[in-house]
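Asks: So the sequence lines, in the order shown, correspond to chains Z and F.
Everything in the first sequence is counted per our numbering, starting at 1 for the first residue and increasing by one.
Everything in the second sequence is counted per our numbering, starting at 142 for the first residue and increasing by one.
Hint data in this document are derived by calculation from the structure and do not stem from the laboratory.
Where hints are given, some of them may not hold.
Which residues of chain F face chain Z? A few of them, derived with a C-beta cut under 10 angstroms, are [as the list claims (entries may be wrong)]:
#1 V162
#2 S165
#3 Y166
#4 L173
#5 L179
#6 F180
#7 V217
#8 A221
#9 Y225
#10 L228
#11 K233
#12 P235
#13 I236
#14 V241
#15 S248
#16 R253
Virtual Cβ for every residue (Gly too), placed ideally from N, Cα, C.
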Amino acid sequence: MDLISHLFFALLLYQRFDIWLFIGAVIPDIDKIYTYPKKRFRGAGSHTALGELPFGAILLLASASLSIFYPFLTSLTFGMLTHMLLDFITGETGPFRPFATERVDFNWPIKAKIIIGIFLWGAGLAFYGGEIWSFAKSVIQ
Amino acid sequence: MELRKIGYSIRDSLMPFAVKVNPSYISYLSLLSTFPILFTNNPLYQAAIIFFALFLDSYDGFIAREHKMESRQGLVTDLACDRYSELIIFIKNPILLPFVFLNIVLSIMNLRKGWHILPLRHAYMVYLVLAALM
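So here's chain Z without its partners, still in its complex pose:
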């Protein structure tokens, strides 16, 4: 799914606006952000191993452990988990990559993915649009 859907999905599940949540929701796609300006995608549904269970869980574990000392990491951890979840639900992933090569895909028709995206954008904006707007305004000022 696209980044905005990831952000709204994280927000809807966390039920609280937090910039660290957004950063966490973006981290597993860090390679894609890097490739955006160069328009060099590695194919639809591509992932680094960071977005799959084994390495993703190591990241989650590390950030959850450190959240005892740095509370903002709780939101970051949650954001990362929701990213992994949404990609697993809607796209083709290799959940145990690189230790098992099998890929899982629920074969959603493209229309269903669009509907999920519209739902996430709509619900996210409806519930948290105000908070996002006031945060954006405070950043601009």
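Given chain Z's structure and the hints, the job is docking chain F onto it.
Replies: Then chain F, alone, in the frame of chain Z:
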């Protein structure tokens, strides 16, 4: 392996009927059914949500066995859905995350060598019920 077969036969005898659908969709439904746990703090509700997810998790295996649809792809889907489901349940209790990580390692070993996986959600459900009753 024998213990596992006995476990399957007991669970299968409790299942009402086998609908002919792709078992992966039931695994998927089991994962989705865990989501409401993020919206409640009541231990009894949480236990009920986990119970329903566990029922669906058993049901997918039952359907696969009944309709001879067992496959490695299905096993991977089932294991991945279970691990994600555990992550959702335990994300609010970071102290339990190492066990989820252990289960991810055990899942990989299950795929390679048939190792068993810790029944984390079952144990947590029992804990929640006890916590609610006491």
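Asks: All hints are to be evaluated individually against the structure, with a verdict given for each.
Replies: Hints, verified against the model:
no.: 1; hint: V162; result: 13 angstroms, violated
no.: 2; hint: S165; result: 7 angstroms, holds
no.: 3; hint: Y166; result: 8 angstroms, holds
no.: 4; hint: L173; result: 8 angstroms, holds
no.: 5; hint: L179; result: 6 angstroms, holds
no.: 6; hint: F180; result: 8 angstroms, holds
no.: 7; hint: V217; result: 4 angstroms, holds
no.: 8; hint: A221; result: 4 angstroms, holds
no.: 9; hint: Y225; result: 6 angstroms, holds
no.: 10; hint: L228; result: 6 angstroms, holds
no.: 11; hint: K233; result: 9 angstroms, holds
no.: 12; hint: P235; result: 4 angstroms, holds
no.: 13; hint: I236; result: 9 angstroms, holds
no.: 14; hint: V241; result: 7 angstroms, holds
no.: 15; hint: S248; result: 7 angstroms, holds
no.: 16; hint: R253; result: 8 angstroms, holds
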